[in-house]
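For this one, chain E is given, so just place chain Y on it according to the hints.
Residue numbers (the working numbering), protein chains in the order written: chain E, 2 to 156; chain Y, 257 to 431.
Since the hints were derived computationally from the structure, they do not count as laboratory data.
Listed next, with one range per pair, are the computed distances between beta-carbon atoms: (1) Y:H296 - E:V47: 21 to 27 Å; (2) Y:G367 - E:E33: 38 to 44 Å; (3) E:P30 - Y:P414: 50 to 56 Å.
The model shown is predicted, which means the values in this text are computed figures rather than measured ones.
Glycine is no exception: its CB is placed at the ideal position from the N, C-alpha and C atoms.
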Amino acid sequence: MHRVLPFLFLAVTVPWAFAKVAVPAAPDPALEQRVMTLASELRCLVCQNQTLADSNAPLAVDLRNQVREKMRQGSSDSEIVDYMVARYGDFVLYRPPLKLTTVLLWFGPLLLLVGGFVVMLRRVLRRRPAQDFEVTASEHKRAAELLAGNEAERR
Amino acid sequence: MNRFILPLAIFVALVALLGVGLTLNPREVPSPLIGKPAPHFELPQLHETAKTFTEKDMLGKVWVLNVWASWCVSCREEHPVLLDLAASGAVPLYGLNYKDKREDGLAWLKGMGDPYRLSIYDFDGKVGIDYGVYGVPETYVIDKLGVIRYKRIGPLTPEIVKDKVLPLVQELGRA
Numbered sequence: 002m003h004r005v006l007p008f009l010f011l012a013v014t015v016p017w018a019f020a021k022v023a024v025p026a027a028p029d030p031a032l033e034q035r036v037m038t039l040a041s042e043l044r045c046l047v048c049q050n051q052t053l054a055d056s057n058a059p060l061a062v063d064l065r066n067q068v069r070e071k072m073r074q075g076s077s078d079s080e081i082v083d084y085m086v087a088r089y090g091d092f093v094l095y096r097p098p099l100k101l102t103t104v105l106l107w108f109g110p111l112l113l114l115v116g117g118f119v120v121m122l123r124r125v126l127r128r129r130p131a132q133d134f135e136v137t138a139s140e141h142k143r144a145a146e147l148l149a150g151n152e153a154e155r156r
Numbered sequence: 257m258n259r260f261i262l263p264l265a266i267f268v269a270l271v272a273l274l275g276v277g278l279t280l281n282p283r284e285v286p287s288p289l290i291g292k293p294a295p296h297f298e299l300p301q302l303h304e305t306a307k308t309f310t311e312k313d314m315l316g317k318v319w320v321l322n323v324w325a326s327w328c329v330s331c332r333e334e335h336p337v338l339l340d341l342a343a344s345g346a347v348p349l350y351g352l353n354y355k356d357k358r359e360d361g362l363a364w365l366k367g368m369g370d371p372y373r374l375s376i377y378d379f380d381g382k383v384g385i386d387y388g389v390y391g392v393p394e395t396y397v398i399d400k401l402g403v404i405r406y407k408r409i410g411p412l413t414p415e416i417v418k419d420k421v422l423p424l425v426q427e428l429g430r431a
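So that you can see chain E by itself, here it is in the shape it has in the complex:
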């Protein structure tokens, strides 16, 4: 019996442990889904290359709670985004709005690409076509010899 006991113990406790992990963070999975979707669009200010959804910094947790609370109160996603931007600026947005200050951010890469193309195009167009060159009679003769395989004899 004492050999079976540990197995019995595991059989009883393991599902319980899994069940504990699987419990959703909020009683309302749909709401939680919405919170996480929006949070993944927002930057965590403390750990700047993580989203609010990824981060476990205390401020990120607070802000997620704030998002959840606002959603419960019936705020739309864009209202919540405005709420965040009013406090932390456009920097919280992973997809910043198109403004005068963000024009370079949005079109910089395109500008570099176009610039690269222009440079390449100019270089290609400027390259002169291979010139026709005159082949002298002696060169013709030597070429014919090489093709005939008479190289060795000449040496």
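Same frame as chain E, now just chain Y:
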């Protein structure tokens, strides 16, 4: 020789651009709150829990709000600067004790000196969120009309107080 000038110029410009980028602090995100009315709060005071304090109590005065916490390492570094600023009497200094345990906050002020006229107690950090706080310590200069005129993210240094805060306070005081 001529054909090296353009690539060299581009290279130098790139180095200059990246060089400037290196001197910038990515943590200092420009606050959208500058030039906006200070967000409303009404919070209990740290010492006298029965009393509250709101930003409206300060209308008509130029004042400084400093966000601090006993768990904040840079606050320790900043503290002597705040004590000096308070001692100079140049501007009323108020504290916002951010996400702290009340007894820890009180012990901190008792042990290191209390530069604040009073501190308000923001246990759950809600007011901190309204003020866009994300890197304690943070400092706000608020004018007579209750508009935020300056925000510093990170510790104040004697240089920042001398070059930025005090001139601004003087200028706002005259207005």
